[in-house]
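Going down the list, the sequences are from chains R and V. One point on numbering: in the working numbering, the residue at position 111 of the first sequence is 111, and numbering is uninterrupted. Start counting at 1 in the second sequence, then tack on 339, and there's your number in the working numbering.
Hints are computed from structural coordinates only; laboratory data are not their basis. Only a predicted model underlies this, so the values are computations on that prediction, with no experimental measurement involved. One thing to keep in mind: the hints can contain errors.
[As the list claims (entries may be wrong)] Heads up, incomplete: computed chain R residues facing chain V, CB under 8 Å, no partners named:
| hint | residue |
| --- | --- |
| 1 | N64 |
| 2 | G72 |
| 3 | I86 |
| 4 | K166 |
| 5 | V171 |
| 6 | T174 |
| 7 | Y180 |
| 8 | E218 |
| 9 | K222 |
| 10 | S228 |
| 11 | A236 |
| 12 | F243 |
| 13 | M301 |
| 14 | T304 |
| 15 | L306 |
| 16 | T320 |
Where a beta carbon is used, it is the ideal one built from N, C-alpha and C, also for glycine.
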Amino acid sequence: MILPISNYNLTFRSNKEEKNNEPYEKDTLLKNNFATRTRIGLEQFTKAFTVYPARGLKGSKNSNFYEFLTMGTVPYVIGSITLMSIFNSAAKHFAAFDKSKSLKLGNKMALGVIFYALMKSLSKSFVNVPVKMATGIDTELPYAKVNYLLPEDEEDKDLTSTEYHKIGESVDFTRWDLLYNTEKGEVLNARYDKIAKKNGLGSDLNDSDQDVKPIYKEVLIKSKLAKSISTFLWAATGVALAFQKPWENYFRVATLKFWKGKEFTHSLKVFGQSFIDSAKQLYKGSPGSFSVLERHSGKLMIGTALTSTVLGVLNTVHLTKKPSKIDNVFDKSKESVVS
Amino acid sequence: MRTTNLIQSYVNNSPVKRQYNSDKAVKDFDVKKELSNRTFIKPLPSNGKLVKIGPFELMSEFRKDIKYDVKALVRAAKGEANDHELGRLNDVGMKVGGLAIAAYLATKKATPMTKAFEFIGLTSFFAAMDLWPKLFIQLPAKLVHGVNVRQQYEDNYGRKKMFYQDHQFIPWDLYSDKEIDKIGDRLNVPKNIPNRREFIQEKMRKIALQNNTLWMLTAGFATPVMSALICNGLEGPVKKYLAHRTDKKADALMTNFAQEIKKYDFSKNTRKLEKILADNAGKPITPEILEAIRVNITDGLDHMVAVGIEKDLHRMFPVSERYNFSGENITGIQDALKKTLSESGLSEEQLAKIIPGKERISVALEQKGLLNGNFKEFSEHSKVIQNILADNIQLFITENPSAPEAKKLNFLMKKLVHSQEHGADSVLSGTFKSTSSSVLTKETASLLQNISNELNDLKARTVVLHKFAFMKAAQAPETGLADSWGEITETIMKSLNFTPEEIQKARLDREFAGSVLRNKLEAITLNQDTYGKFLEDVEKVLSSLQGRIETLDMTQDSSKNKYKAAVITTFDDSAANLRKFGLTSTSEALVGFPQTAHTSTKELYFNFLTNRVKGVTSSIYRFIDLADVYYKVANVSGLDHVLHSGVPREVKEEMVELAKQMLLEGHTSDFSVKFWQKRNPTPDRADTSQIETAMGKVVNKYFGKRETTELAELVHDREYFEGVMKLMFDGDVHPVTHSKLKDAIFFKDFMNYRAQALSVLGGDYCFTRPNCLVNGHRVDSTSQLKFLLMGAAPDEMILKMANQKFNSGKWFSMFGKLGAALVGVTLISQLFFGRMKTPKPTKETK
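Excised from the complex, chain V in its bound form:
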């Protein structure tokens, strides 16, 4: 061991020993003086150095560390590593384990964002582990005391270690006197105290130890909290980045459509089909074979098309209807007869006598023209066989009247021709149906292969189209449209500027959310500036959405829209080709005939995008319309087309209230079946004054002043309901709204939305009551369209958002506070560290 050798070498060659053993002993050697000086027992000068890494050396240090770890791994595997190397490998193991966790959990997550956050979570955890002591221990200590408590040094062998790792072994000699003095000055250590260096060192050691202990005590709280806060902070930017990436990826799918479809390999399926066809070549197509073919070629196709193919295959290859029958089938008949009659217990010879010979059967059948042909049913065949058999049995009974087996024969004969199961073939007739008339010929196999190839091409194309549609607009997290929706609702929330108290209340349920939102809107619409600002915010974010959903506009010409063009080519070409092969039902499922085009798969690919976009835009348009109506009401302006002088004041108040409620809370069902409201059946008809408002709210003169027992639901008041609808969707928007939105890219679309909502919702035959139509026009519509026009009810939108805000706010306040408290304690602790009694300065002797 090196230490032992040093000691031995010292003992053997110590100056003292040399002095007495050597002829060249130093004269006048004073042992006492040498001992008190002690210079001679100092250890060898160190080759170690303090590590000072600047930001520019971080990368090279990182590379150096990786190289060291790889070397350590090799040495450890050979059994040659040292403690330091093994220590580093433990850290490597920890990181490998962490990576394994993140990778595994990422495979369980469905979306890129959640997958990414497994790795971000892991990285942030390790980062927090590293950053906490650096930012909140090392840095404050350095600022307060001027001591780097996490100083590293490189030892003689180039191994990096913490300077204050072991307080019983601190390599102080790596600090020069000058450096220590400088730190001492910073620590306010008096200059003229005895053993100043030792005192400063002790103070530095103490500060380092106290800080390291503080690190150990706080890291447990700090690391997970800091990591979670980092993740929280990164959520927004990562989401934005991934959304952008998904969008680009989706667009690339359409740009490189031809290359994308080649990425799908159906060779496994094709080989399987080839095997089925080869194994059954020349054989009759049985239901089992046809089913195997169907399963193979429809694998991966959507249900509608798969059903079409099934229909076509059964039509083209009618396996269960006609059967070939020739002399070759007679052996099967004989076997069946033998099998059934053997139950009688007759010997082989006796049975041979009863069962008719091949020639006799074929002659009998031929005489009746029942041999060699394809037949749908075999009752005549069966009769011929029965007759011959009956003759033989009769003959046998006559010859062997006493044989006990003979009696059983007639019974078994009946069993042959009657099936126990209702509707099923008897044993005898079953034997005729062994050879289906459809045979898997070379031509059939080639046709099926061509069909399969065409369908594989269709599958590849539809997969790419589906992928595009999903990435852009699916009702799933992190699709383009979902991200846009998130951004818009977030903007609305921000713009409405809810207080924490409002959020806490609004998160409880729809009722609370609705009332909070109503108050908020009434407050905003009170003032033109706040209302204008709100509209500007919404306009900005909605305009940006318009840019992003341009590719989803299916009203565009196909020359301008790559997705639309790809859908048309895919479905039209496939349908035409498949029709050529005789697959008419499949072709119909793909593109339909003129009457059925709306339910075709092709149409689905258009409608999916159109509907998703409509749902989102309608929700936002409804919100803008809501704000516009509230503004009109708050300012009692732009309402005259409904609230004119012919309408009693009380009815006006009732209308405004219902309109405000419907826009805020109305669901599709409210529009199609009822506009529920309790009203006064006998309003004061003389008072036709206009409504009055204060602070954005209607100051009701009549509404809400009567006992509920005096009120009733006036379900037949057609004009009233029409008025409410017109209050909501008819007429111009308020001039302020107009001026703010007129230049917006979506303004025309918004105005169309209002018109469509009025005509479609109000034109429904069953709107409130049958025939209670707005403007007297009946509009044929679908439930789906009505649903899409209503979009999300604003109160529900706010309820969801308030919950999200509350949850993240709650979490943030809990752990943000914990983090802040921890930082506070850690920082303040510095003030109490490193306190030592300073020795008295030595008096200078003159």
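So that you can see chain R by itself, here it is in the shape it has in the complex:
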């Protein structure tokens, strides 16, 4: 394995003793838990709105694809707010009746935007969790990548930056190297061993990494496909949920002023009830609707999202790239394998 840096005894700081702002010295595998995910999410979110746009607008040499992709959060967030505002902000100037009618739609639209994002993000676990349980492969395993930058002016001293990626982010260039245990006293292939055992490739394998990599890659590809399709369908279901009539009860009492205890608690209670009623209505269709399509469209929506997830997961855990077991490559009874 050729690591880009370790071949050279170089430092990317002008002064070795100087404190490094970046939290990692080298590419580091991270634990996939709530705390880490939140920390990474927050850092990426902050940088997407501050450091990266500043660097991009300056035309920095060090801007890269990671920063561009991370900046994708900006249009997502601003776009959501703008979309909410398009349907709501003009309404306050309208006459009372028009205003109430317009806000009903506007509020649902705003809720739809929120539910879209929530369901999009939540539904990833609908694939990740069962896939991890079945195959032992965590497709969302994060790692911190230490990046070495080019100096842009003489004052630049700290020339490292940290990026957060996922081991399986690229199926072509998966970071296999980080899955090895390189710490002293640990089994090098421990992680690969575990996955091999879980998938019935056997234990005590000589090169479990070589056996596991093809199926790991297969799981990555298939789960990515499953997520690409199903998460958007779940997001659409979220929007459909937001467009149910019972939410109007919530909009009447909705408040985010948590310091007003009584009102806030009441608002939460109504939110819960509206959520339940809306979910029921999404499933059953609006009461009194005569159109067959309208009565069943909600079921169809949920059914499609559910089916896409189930099929996606089933396809992912159905592994076809397991290495074939070749017994007795060397026939010990013969002196030579060449006849």
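Got chain R sorted already, so can you dock chain V onto it with the hints?
Using the frame of chain R, we list chain V on its own:
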């Protein structure tokens, strides 16, 4: 891995290694020279190319992309896809999700327009996502700098990627020196600087990066706003297209009436009826069976007809009136006796002694002629049974005087013949009524099936007729008439040319809307040109409406009007056939008798269209009449038939004011109960001069000059009210109005409207006060007709329109401004992009 192999292959076969290992080493090989030259460590020549798609290749590129995505999907499902393919599939997922949202929301929307806009909204959103960077980032950058910041390239494997996607990996070798030089010239890079190509490349990279960042920062605002603006812009054309389509669809319903009615399948209902009839064949028709039949055959029929059928069925099959009674019913009587008397606690044997035998009962009943026949009531039967039972009980008590159960028997006997519930049958008499005299015979079943078939035919026909009427004229969004109404009011609004300030004021309430409209009309009618232009606009749009509502004219002969012909055939034929089956009430509900024809369902199908059209046309005619009266007043011309020399000036002023107000704001109630106005009870009778006007308004000499305490409501001034009505609707229209409208297709109808308004509204017995009649003629009318003649009050019409205009204007000004500001910032930013310190040119050495 390919990279490793290349490196390995290079290491193993490097020229340096070959030189020392080979016998054929190049002589005088200068390592330093080779290294400084570096040509030998260049990567393999690329097979990639820059993508240059012209407008003619867009379709083929689109097809190519779809093919690629399908292939990617298959490969991903097999677990073989690469990063690029998976990236494309994510976009596919996003579009599928978007489509799912639009499709779901469309099912929740009621009208074609709102349904269509779910998909238009989605498409415009994706279009905006694509167009914003192309139009406002890529194009300006290209125009200002000559650099295509969204250049795409195809890599060795034919995968399309953005050229400046990753700034740490830009495949510069795809640009030839010539191309780079050309861009450099455009960027004003001096020709003779060292490493010119590298400098130009860096400048291009910088411009691309800055633009891509700008794209990310602006897309969030731009995409939803642009999408909304696209939708806003498309609303008009889509509405027009859909209106046209709905109209054509409705007409096709009548043209293909015979085929259309076949589309409705009632087989499910028919099968259900067959099952009811088969299950109950030969059985007496009970109220439950009759109800099941009624529900089945009236399903989908309107209330009036359904009630008629219910009446007919009960008349034809009187289930609750007469009952058959024969020897077969006796077992039921015995069971009922046994059940009641068993409460006494007697044993089976003892009960057998008390309960009379079958033969004894039948003999006793037969003697009195009470067996085998159909009976309405069973008191005689009951008496016979009671007598036999009483004898048996008496006998039992005599035989078993000490038995404790014996005492209970008399009590239970009473229970048998008296019901606890008022009016209900006792247990005993109830047992006689088990067999209704109406039996579901083969003939009855066949008759019911024939009735059902006839009614199914009627249902199919009325559904198609109803569909036509709804699409053409229902009070719902996007019907033909509603669209026409929208177009006409829009034209009136446009023609009146309200300023934003007027709209802002008029939207507040009726009072403001009325005053704004009044000022506007007074200004327009001041000048013959502006008034003429207004009339021309209204004439144009109203004439086009006339063409569209021709099919709704129920005064036409049925040979010319397909809808009318279909209504007549449908109802007359059905009524005749059903009458043959004995359904007289149903037949009456359908077509009525001469006296009741006006309330028949058939008439409803005519009236619905006529009334809807009348409501719309009356509203417009009233508006034209309003303008005409205002014009007459503004020019003090054409008023002499009312404001003649015998009328005091003050009364004239009062009349004009009331007429102007009534036309502008009057509702039906104002015409039927009061013409409220505070007037001077003692006007100056000597001054009979004509009113005077200035700037379109009346210059009042008397009106409004007195304290309100001096004024009173003169409710009995019959002539005054008559004068006001005549000022509004009587006499000729002004010659200018006449000249502008005389050739209009609706002119005659308009004049008829004025005459009808005068006679119907003014001829009402209770017009202002009882017997206060215009021209002394009393005209019998309906509330509905009066309502339709009044149409929409112009001030309310303007109030609604002003609100719509204000709302969309407000929205447009907010987001239009945001969009414009965003475009401005984006464009100006270009001027600050790509700034770099240019190296000093190298001096040419001689």
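Hints and how they fare:
1. Annotation: R:N64 was flagged as interfacial toward chain V, and the flag holds, the nearest CB pair being 5 Å apart, inside 8 Å.
2. Proximity of R:G72 to chain V holds as hinted, the smallest CB-CB distance being about 7 Å (cut-off 8 Å).
3. Checking R:I86 against chain V by beta carbon gives a least distance of about 5 Å; that is within 8 Å, so the hint holds.
4. Using the Cβ-Cβ criterion of 8 Å, the hint placing R:K166 at the interface with chain V is not satisfied: the shortest such distance is roughly 12 Å.
5. This hint holds: R:V171 has a C-beta 6 Å from the nearest C-beta of chain V, less than the 8 Å allowed.
6. Interface restraint check for R:T174: the shortest CB-CB distance to chain V comes to about 10 Å, outside 8 Å, so the restraint is violated.
7. Against a cut-off of 8 Å between C-beta atoms, the interface hint on R:Y180 is violated, since the closest Cβ of chain V lies about 17 Å away.
8. Interface restraint check: R:E218 against chain V, minimum CB-CB distance 4 Å, threshold 8 Å, status holds.
9. The interface hint given for R:K222 is met, as the beta carbon of that residue sits about 5 Å from the closest beta carbon of chain V, less than 8 Å.
10. Taking 8 Å as the C-beta contact cut-off toward chain V, the hint placing R:S228 at the interface holds, the least distance being around 4 Å.
11. At its closest, the beta carbon of R:A236 sits 4 Å from a beta carbon of chain V; the interface hint therefore holds under the 8 Å criterion.
12. A hinted interface residue such as R:F243 counts as satisfied when its beta carbon comes closer than 8 Å to some beta carbon of chain V; here the least separation is about 6 Å, so the hint holds.
13. A distance limit of 8 Å between C-beta atoms decides the matter here; for R:M301 the minimum to chain V is near 5 Å, and the interface restraint holds.
14. Because the closest C-beta pair between R:T304 and chain V is about 7 Å apart, less than 8 Å, the hint holds.
15. Annotation: interface hint on R:L306 violated; nearest CB of chain V at approximately 13 Å, more than 8 Å.
16. Residue-level restraint check for R:T320 holds (minimum Cβ-Cβ distance to chain V is 7 Å; threshold 8 Å).
Checked against the numbered hints listed earlier, the structure breaks hints 4, 6, 7, 15; every other hint is satisfied.
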